[in-house]
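Chain A is fixed; fit chain B onto it per the hints.
Each chain is listed here by its residues.
Protein chains: 2
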Amino acid sequence: MKDILIIGGGGMVGQKLAHHLGNHGLNGDRDIAVTLFDMGFPSDSAPGKQVTGNVTQAGTMTRLVAGKPDVIFHLASVVSGEAEQDYAKGWAVNMTPMWELLEAQRALHEASGGDYVPRLVFTSSIAVFGGPYPDKIDDEFLSAPQTSYGAQKATCELMLHDASRKGFVDGVSIRLPTICVRPGKPNAAASGFFSGIIREPLNGQEAVLPVDDTVRHWHASPRSAVGFLTHAAGLDTALLGGRRGLNMPGFSCTVAEQIEALRRAAGNDAVALIKRQPDPAIIRIVSLWPRDFTPTRALALGFAAEKDFDEIVRVYIEDELGG
Amino acid sequence: MKDILIIGGGGMVGQKLAHHLGNHGLNGDRDIAVTLFDMGFPSDSAPGKQVTGNVTQAGTMTRLVAGKPDVIFHLASVVSGEAEQDYAKGWAVNMTPMWELLEAQRALHEASGGDYVPRLVFTSSIAVFGGPYPDKIDDEFLSAPQTSYGAQKATCELMLHDASRKGFVDGVSIRLPTICVRPGKPNAAASGFFSGIIREPLNGQEAVLPVDDTVRHWHASPRSAVGFLTHAAGLDTALLGGRRGLNMPGFSCTVAEQIEALRRAAGNDAVALIKRQPDPAIIRIVSLWPRDFTPTRALALGFAAEKDFDEIVRVYIEDELGG
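As you go down the protein sequences, you meet chains A and B in turn. With the first sequence counted from 1, adding 979 to any position gets you our numbering. With the second sequence counted from 1, adding 979 to any position gets you our numbering.
The following block holds chain A by itself, in its conformation from the complex (with noise of 0.2 angstroms):
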């Protein structure tokens, strides 16, 4: 029986997580029990044990892990807007439950003789980056965030390095693209737009468009996430090599391409439901992020993202529209 913990498993990706593990199990293993960990879950949750509390609690993290589970999924975070409009709710809920997740494994695993070594994967960010970019990142672009979001999963990438350096847990970090189409309602992101242009309009609803169509950016599906999550805890890390930071895949267009997606899927009509409003604070951020990758690392590792933004459309409609 492998135990596994979800830390932000009520979140949009830990839960279409938990629901994956639920209906294939890890990787193939069907023998694993699941533990959710958030504020709260919603009504139709995932399957799997609900813990209820916040990371920021100090012990909370201590408690969480004191059972020794096999694989730890760390998810939990603020996005990157709430992260930049309030630093320290940012550095208190994306930095600080890390470190004390690693001191309680390094407890557990002195207090095993070192025999206990979990599997850790932490959901890092493209945000780990900042200007002046080349046209396409490559596995060696050093991580110079220019947002506290940023700052804080590099920050917590460090830490995660050096504890499984030393042997206390078995860490990988992978940086998520930018996760589209998200279900749902729009979260306090930034980048919120990018899935809100589709959805909506799939939707029959208007959407707001509040940057120019000729941003250019680096994009996966949920689902592409999820295939990370559970990809990264059956690594061979021995081949990461000491560098645990990896690149997701994901596939780079602009908003008009995106757009060009929408109107292939569902027509003029739809496409006619988004509303061109520029809004210079989002236009200001997002001009700070990433466009475009060559995740040489994590595809020659078994990763795999969507080849083109029909897909990631096309993923939306099959996993939320019931196809």
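Be aware that one or more of the hints could be misleading.
Identical chains share a label here; the pair holds if one copy fits it or two copies do between them.
What the hints assert, rightly or not - With a Cα cut of at most 35 angstroms, we get these calculated DSBU-like pairs of lysine-lysine:
(1) 1286 with 1047
(2) 1145 with 1068
(3) 1254 with 1145
(4) 1254 with 1028
(5) 1145 with 1164
(6) 995 with 1115
In case anyone wonders, no lab produced these hints; they're calculated from the structure.
The following block gives chain B in isolation, referenced to the frame of chain A:
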């Protein structure tokens, strides 16, 4: 009157900085008041108000900066060898106090209505880098540390840069080469022999060389380190363009070239005092270190170091042996 605080002011570089400030002021400004903070001070300490304490004690950083210094040099650190042997102590000394310092600065900044923004110069290290390396490391090379010391320094850089971006402090991280020739007794740094094989023979004593003489590394003198610190304190940080970590200049040479410089300065008898005793542990650690740099940005910003190893030996003879 400019208030200057040196955290780690009792150490070798801190003392040299304080001596320099006493003799020359800060970049020509002699209207200064210097406070030195450390666990202890040499009996012949450089001038300055001495404050004794430990950065790991909660509240220490807050008390230290309550008087709102104009310039803060944060040099306090356990060295690489000790940080690697004692993981908990390394993170407790090399990371946590930086976080507390920045939180104290944020509170002071906010209480001042945004007026108080001190310059904060942090001594980072080329240990933030990890292999595989290019022949020469440029300003775009990624930080992927392979030691706890390097991970701690890189973490502090991220925190300092985010607090600077938010305007709480005006930070600069200077990534020091291995400082050579260190005066006095050997310390716990694995790099100690780089100084020892010059210092001990110049003082008529035997020195141990634990690595092969083909080992190449990146050096600058203590005098250059003081120059880096004072130059960083006066730098126009607008020129940094959001990347506040700077690889400092230095000189790259092999141990064999170091030994030839010693021979030119002090003859064959001095060289004969070097005893070759390979140490597998030190050989392994040193093999992980960077060897050469092209520090284009720092040179363009006016940072300067020695042009050859003969000059590094000459600086030691002038500054420590009275010429």
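| said: Hint by hint, where does the structure go against what was stated? Just the numbers, ascending. | reply: Numbers 1 and 4, in rising order.
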